[in-house]
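Novice: Join these two chains into a complex; the hints should help.
If you read the sequences in order, they're chains H and F.
FYI, in this note's numbering the residues of the first sequence are 207 to 515.
FYI, in this note's numbering the residues of the second sequence are 259 to 696.
Any given hint might turn out to be false.
Said to hold, decoys possible - For lysine-lysine, the following PhoX-like pairs were computed, each having C-alpha atoms within a straight-line distance of at most 20 Å: (1) F/Lys273 x H/Lys293; (2) H/Lys312 x F/Lys349; (3) F/Lys331 x H/Lys293; (4) F/Lys275 x H/Lys293; (5) H/Lys341 x H/Lys317; (6) F/Lys275 x H/Lys334; (7) H/Lys471 x H/Lys430; (8) H/Lys334 x F/Lys277; (9) F/Lys369 x F/Lys399; (10) H/Lys426 x H/Lys512; (11) H/Lys293 x H/Lys358; (12) H/Lys358 x H/Lys296; (13) H/Lys335 x F/Lys369; (14) H/Lys296 x F/Lys331; (15) H/Lys296 x F/Lys277; (16) F/Lys331 x F/Lys352; (17) F/Lys352 x H/Lys335; (18) F/Lys267 x H/Lys293; (19) H/Lys453 x H/Lys471; (20) F/Lys273 x H/Lys335.
What the hints assert, rightly or not - Label pairs and their in silico Cβ distance ranges: (21) F/Val624 x H/Lys334: 52 to 60 Å; (22) F/Glu591 x H/Ser431: 13 to 21 Å; (23) H/Gly329 x F/Phe279: 27 to 35 Å; (24) F/Tyr446 x H/Glu356: 49 to 57 Å; (25) H/Phe220 x F/Val624: 37 to 45 Å; (26) F/Asn260 x H/Ser217: 52 to 60 Å.
Read the hints as simulated data drawn from the structure, not as lab findings.
Predicted, not measured: the structure shown is a model, and the values here were computed from it.
Every residue gets a Cβ at the ideal spot worked out from N, C-alpha and C, and that includes glycine.
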Amino acid sequence: MENLLVAENVSKSFGSFKALDDISLSVPQGSIFGLLGPNGAGKTTFIRIINQITMPDTGTVHLDGELLQPHHIEYIGYLPEERGLYKSMKVGEQAVYLAQLKGLSKAEAKKRLKVWFERLEIGDWWNKKIQELSKGMAQKIQFVVTVLHEPKLLIFDEPFSGFDPINANLIKDEILTLRDDGATVIFSTHRMESVEEMCDHMALIHKSRKLLDGKLIDIKRQYKSNTFEVGMMVDDKDKVSKLLQDKFETFPATFKTINDELQYKVKIPESETPNELVFYLSNLGQLTHFVEVVPTANDIFIQTVKNHY
Amino acid sequence: MNHLSLIIKREYLNKVKNKSFIIMTFLSPLLMVGIFSLVAYLSQLNNDKVRNISVLDESGLFHSQFENKDQLKFEILENVSLEEAKKITEKSNKYGLLYIPETASIEDLSKRIVFYSEDSPSLFVMDNIEDAIQAKANSLKLTEAGLDAALVKSLKVDIDTQLETFGGQETSKLGSGLKLIFGGAAGYLLFMFIIIYGNMIMRSVIEEKTSRIIEVIISSVKPIKLLLGKIFGTSLAGISQFLVWVILLMVLSVAVSAIFGVDFSQVQSPQQEIIQQAQNSPDGMEGIFVDVMRELNTLPIANLIIMFILFFVGGYLLYASLYAAIGAAVDSETDTQQFMLPILLPLILAVYVGFFTVIEDPHGTVSQVFSFIPFTSPVVMLMRIPFGVPLWQQLVSVGILFATFMGTVWFAAKIYRVGILMYGKKPSYKELIKWLKY
Numbered sequence: 207m208e209n210l211l212v213a214e215n216v217s218k219s220f221g222s223f224k225a226l227d228d229i230s231l232s233v234p235q236g237s238i239f240g241l242l243g244p245n246g247a248g249k250t251t252f253i254r255i256i257n258q259i260t261m262p263d264t265g266t267v268h269l270d271g272e273l274l275q276p277h278h279i280e281y282i283g284y285l286p287e288e289r290g291l292y293k294s295m296k297v298g299e300q301a302v303y304l305a306q307l308k309g310l311s312k313a314e315a316k317k318r319l320k321v322w323f324e325r326l327e328i329g330d331w332w333n334k335k336i337q338e339l340s341k342g343m344a345q346k347i348q349f350v351v352t353v354l355h356e357p358k359l360l361i362f363d364e365p366f367s368g369f370d371p372i373n374a375n376l377i378k379d380e381i382l383t384l385r386d387d388g389a390t391v392i393f394s395t396h397r398m399e400s401v402e403e404m405c406d407h408m409a410l411i412h413k414s415r416k417l418l419d420g421k422l423i424d425i426k427r428q429y430k431s432n433t434f435e436v437g438m439m440v441d442d443k444d445k446v447s448k449l450l451q452d453k454f455e456t457f458p459a460t461f462k463t464i465n466d467e468l469q470y471k472v473k474i475p476e477s478e479t480p481n482e483l484v485f486y487l488s489n490l491g492q493l494t495h496f497v498e499v500v501p502t503a504n505d506i507f508i509q510t511v512k513n514h515y
Numbered sequence: 259m260n261h262l263s264l265i266i267k268r269e270y271l272n273k274v275k276n277k278s279f280i281i282m283t284f285l286s287p288l289l290m291v292g293i294f295s296l297v298a299y300l301s302q303l304n305n306d307k308v309r310n311i312s313v314l315d316e317s318g319l320f321h322s323q324f325e326n327k328d329q330l331k332f333e334i335l336e337n338v339s340l341e342e343a344k345k346i347t348e349k350s351n352k353y354g355l356l357y358i359p360e361t362a363s364i365e366d367l368s369k370r371i372v373f374y375s376e377d378s379p380s381l382f383v384m385d386n387i388e389d390a391i392q393a394k395a396n397s398l399k400l401t402e403a404g405l406d407a408a409l410v411k412s413l414k415v416d417i418d419t420q421l422e423t424f425g426g427q428e429t430s431k432l433g434s435g436l437k438l439i440f441g442g443a444a445g446y447l448l449f450m451f452i453i454i455y456g457n458m459i460m461r462s463v464i465e466e467k468t469s470r471i472i473e474v475i476i477s478s479v480k481p482i483k484l485l486l487g488k489i490f491g492t493s494l495a496g497i498s499q500f501l502v503w504v505i506l507l508m509v510l511s512v513a514v515s516a517i518f519g520v521d522f523s524q525v526q527s528p529q530q531e532i533i534q535q536a537q538n539s540p541d542g543m544e545g546i547f548v549d550v551m552r553e554l555n556t557l558p559i560a561n562l563i564i565m566f567i568l569f570f571v572g573g574y575l576l577y578a579s580l581y582a583a584i585g586a587a588v589d590s591e592t593d594t595q596q597f598m599l600p601i602l603l604p605l606i607l608a609v610y611v612g613f614f615t616v617i618e619d620p621h622g623t624v625s626q627v628f629s630f631i632p633f634t635s636p637v638v639m640l641m642r643i644p645f646g647v648p649l650w651q652q653l654v655s656v657g658i659l660f661a662t663f664m665g666t667v668w669f670a671a672k673i674y675r676v677g678i679l680m681y682g683k684k685p686s687y688k689e690l691i692k693w694l695k696y
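Chain F with its partners taken away, still in its complex shape (with noise of 0.2 Å):
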């Protein structure tokens, strides 16, 4: 066996039987799905609450728009007056009362409509008293105006412009919004592994200063092939970890629901929730998903796989190797602290650029250039991807990507040499520099 498979093979086993990996492995989903759990749990009972709200109407004009929902009872108050419709609400215990006067006319109406509660009202309940009285109150305004309500909403023209790409390629707002989708998804995939994994490489890197062993090592292999021994053996143990990790959160997930009945999809932000509205189509939920899986058949689904799976392991690896050359530099994991802003500053310029600029313009000059870049192509030019990038460009940021990657290895192979030689020193950046010189 050469060297480097004895190195990964060591590194590897040597994670995998780490008893605190073991425990995180295992654990580490429990615990999410813990959470999870009690979070649905704890917006359930939330949603599960009724509010009682009374309502003195005394222009007499919406009694019939208050229905009665869910989470929302309405009782109508009549005969009372404003005090006295106060005093009734507070003692019923009810959550608040709505209070509509007498107006000479609907604009002024408009000001003066009261809401009284113990304490500030949700903005669930206020949207749904606003949204009953602006509709009645439009169709009133129509009225007044001599219009036919149901004329103007017949007349009403909805613009809903089709996209096509010169070549006859159809494409929408929809599949925009999953193009961004998934690559905002891809980038925020690497970012965690990143963030996860390239500590638990950076450890592994200076493991042999600690224990000392490192003269005895660096006398029978080159180090860089050590480094990479520990970039690639620390990897699979992480994406070991990493699909571990999946299949138990499934599994947990499956489970937990179906015991519990505990509904994961009640589990939302409310930036969720705006997006279904904006995609509520006149079809309905059914034909959100026709669109959808119209809208993915557009996708070069193939091309994104491979790219995919060759930009995140590039990407992955390249930021490894940063971290192993912070452990290359280093003594002890105290010494890091240092280092650690410069290397995650570009991916998360990364990520903004991937958001702001590349929704704007995706063949835009910033987002190009940024495409090529090899600390943030693998966000980058992942979000360009699903609309469309010709193949020689991504090929050759992958190659940019890869040979960066081998590049900081010899660097930090560079540095672990002379890194020997001093121990005990901190480095400062200008030392650094002075070792490649070595």
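If we strip away everything but chain H, and leave its shape as in the complex, we get (with noise of 0.2 Å):
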């Protein structure tokens, strides 16, 4: 897969406080891009860069294979944290105003205004004004603003906060679609929920370093602990404890079932196969449950961020 946008060895500092150290990250053309981190880690003077809002010290990003440029920003969407919109001016002719702002024409970007604002069943709001409406009736222009250019890279910074969970998952479909037809999107956010939903990469930032990045699954992969939750019906439930826990590390656990069994996650040895687990189990009693404890995107920001302190 290729890569849409390459930074390489970005270093960006304030006065005495190093914002940023030496990161290169490359986030492939259509992927949902994850960029975690605790607050302040860093991660929004990095998109800042990107952006062209401040310039990095040292180090190079490539967007598109072509060294950043002030002409690049028509092929970026970017919806800040920090946002609002003017409050004074109408609805439609803000969106115009911001639209004209990256590149297009009025009557393009009036155009598109109208089909967007049909979609999300906003058309009514045109000759509003923004102090009229809602802070979630806001976002939701601001989202169409971001993404009416149809830039080729978009980025999100904490793009559900402020919605309802039904917007929410509106606004997520949309996203989905919009890689779909070929955007990528770099994300960030403190939502683990959303990393996991939607994300298919990963970046994790601490103390302006970067920590660890790569495929969702490849770091699940390298994270997992070799743990299964299972479950059985026993006879004695404290004979087979005892057994299990002479035998294997254990852990206790707790699932939803409909069973009065046993419960535990088990790690075995690396030399160990989940066959012959699910073989000795079976030898103990009726097997009702066997999942392998995948790591979630939550456990391994904390593991890693608690690692690094």
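Specialist: This is the structure in structure tokens:
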């Protein structure tokens, strides 16, 4: 897969504070890329460098094979975390103005806006002023403005904040559609469930440094611990517990079930296969539940960040 | 359409369509004409009042001196004592009593004339009375010394120095006055314009921050373009408003004076009267008019107009960009106070230098230096130009002015770019300097 955005050895300092320290990242074409990190890690600074709001002290950023240049802003759609709209302007003329700044003609902007407004069922807002709208309504318009010029690269910083679940879902589906239509999406968020749901690639930045990046699946594989969640019906729970604890590294587990069963997380050594575990367990009783414990993005996030304190 | 013109258009329309802007545009001239009409009406009332004054002249020398005027009526009392005269005057509700005692000599007299009244008399009344007595007393003294008053008057020599440059150009003191009036008016206009519309620019720069749209905008356009667009757009809105004001004011004052018969020329400050008196030439009003026209013809009108436009625009833009820099540095209008005085100081300095130094010596070192410093040159150079400044100096000064303007905008854009990284923190001067290095 080709990379749309490649950052190499990007560093940025504000006075004595190092905001980014030698960050190198590649965002593959057509991916949804999760940019994760605790507050103050440097995500926003990195995004601002992509948007040419600030310049890196050292390092380069290439977009679509070209060194980042002012005209590239037309290929980028950016929804910042700190966002707003001109309060005294009408929705329609404001959206047209912002689209024109991104290089669309007035007529084209109007045409596309009509389509989007229909799609999100906000057509009758055209002549309203922003101050008459609720926060969620304004967010919808900001979303439309961000994607209107059909950018190759979309950057969303906490896109779902301020949305109710229904509208958050609506926006999520729109983002997925945009990806399917060929856009590449960079996602900066704290909401791990949306990373889990949407991202296929991710990078974790902590204290100005990149700690890990890659395909989500690869990272998960890397972080898997050969642990399996098991549930089984046995006659003598204490006896089986004792057996399991002696033979394996075990952790307590709770999952919802219809049976009154023994529940455990069992970690097997590298040398053993899951099949061997299943075989062993089935001799002890009725196996009702067997699932590999896959680390969630949340687990990986917390674990990695903690390890680097 | 490119970004700059888009931004200018938006800023302009946004300002012009604003309701309070529209209301102020049309209400201000109404208010101003209203206030002026009121003042004119009131001073007319005041002037129409007739003051009756009793005169008790025991010396018997000044009877014929007191002529009745529009607003002053004199009544000569005879054959009464001072006490009686006071009573009569008070009873008849007159403005006051002028008492001239009988004395041995005219020197004595000068110290002993008394004016009795209810409360302190107005300057206007006293001037009239003193003038009348003085004229007579002078001629009496002359006669006493054995001189013919008419002869002395005819012997008096008036010196009126004719001014001429080495190039043969005639100038005059009246011309100097006109030049000062031109320079002063230009400086004052600039001053007003900056004070009225500078704040508007500052607010407009803060707008993006308060509405939180700044990061969206700044990811589409360069800060310097945004600031330039804001300065130009807001200035155009200001000029539109100013033009509407001028037109409305003219129409309204003509209408008001036609309808109510209020004469605006009667609204005069004491200074204006003094100037008028000083200019009273023997030829009368027509003579002054001819003089003024002649002087105007000697002024380099084309040069003045072109330079006025350049310096006015340049000076305004420079100060506007300073206001924009303040707007760029702060998050809300309440944080702007600490930066206000440093901006206005050079402007005030310019006006003072203009009025004190340029009048004294238009081509002295101080005047020259200040006419090149961009923060003062719009006022000082404009005041110097009527006295003749080489073209290259004018052009250099304009060049410096516009270069400084671009420099300030660049500086403001730099602050702006960094300012977005720090929400909600009031910057100190030290930090501002640090930001420049980012």
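Novice: Is lysine 275 of chain F close enough to lysine 334 of chain H, meaning Cα to Cα at most 20 Å?
Specialist: Roughly 15 Å separates the two Cα atoms, so the pair holds.
Novice: Does lysine 296 of chain H sit within 20 Å of lysine 358 of chain H, going by the straight-line distance between their CA atoms?
Specialist: The given pair, whose Cα atoms are some 28 Å apart, is violated under the 20 Å limit.
Novice: Within a Cα-Cα threshold of 20 Å, do lysine 471 of chain H and lysine 430 of chain H meet the stated pairing?
Specialist: Distance of about 13 Å is within 20 Å: holds.
Novice: Starting from lysine 335 of chain H, check that the Cα of lysine 369 of chain F is at most 20 Å away, please.
Specialist: Violated. Lysine 335 of chain H to lysine 369 of chain F sits at ~79 Å, over the 20 Å cutoff.
Novice: Going straight from one Cα to the other, do lysine 331 of chain F and lysine 293 of chain H come out at no more than 20 Å?
Specialist: 68 Å, violated
Novice: Mind checking the alpha carbons of lysine 453 of chain H and lysine 471 of chain H for me, to see if they're no more than 20 Å apart?
Specialist: 13 Å, holds
Novice: Would the pair lysine 334 of chain H and lysine 277 of chain F pass a check requiring their Cα atoms to be no farther apart than 20 Å?
Specialist: Since the Cα atoms of lysine 334 of chain H and lysine 277 of chain F sit roughly 16 Å apart, the hinted pair holds (cutoff 20 Å).
Novice: Compare the distance between the alpha carbons of lysine 369 of chain F and lysine 399 of chain F with 20 Å, and conclude whether the hinted pair is satisfied.
Specialist: Holds, because 15 Å separates the two Cα atoms, which is no more than 20 Å.
Novice: Can the suggested window of 37 to 45 Å be confirmed for the beta-carbon pair phenylalanine 220 of chain H and valine 624 of chain F?
Specialist: Roughly 44 Å apart at Cβ, these two residues keep to the hinted range, so it holds.
Novice: Would the pair lysine 426 of chain H and lysine 512 of chain H pass a check requiring their Cα atoms to be no farther apart than 20 Å?
Specialist: OK: lysine 426 of chain H and lysine 512 of chain H at ~17 Å, within 20 Å.
Novice: Using the Cβ atoms, figure out if glycine 329 of chain H sits within 27 to 35 Å of phenylalanine 279 of chain F.
Specialist: 30 Å, holds
Novice: Take the C-beta atom of valine 624 of chain F and the C-beta atom of lysine 334 of chain H, compute their distance, and say whether it sits inside 52 to 60 Å.
Specialist: With Cβ atoms ~59 Å apart, the hint holds.
Violated hints for the displayed structure, listed by number in ascending order: 2, 3, 5, 11, 12, 13, 14, 17, 22, 26.
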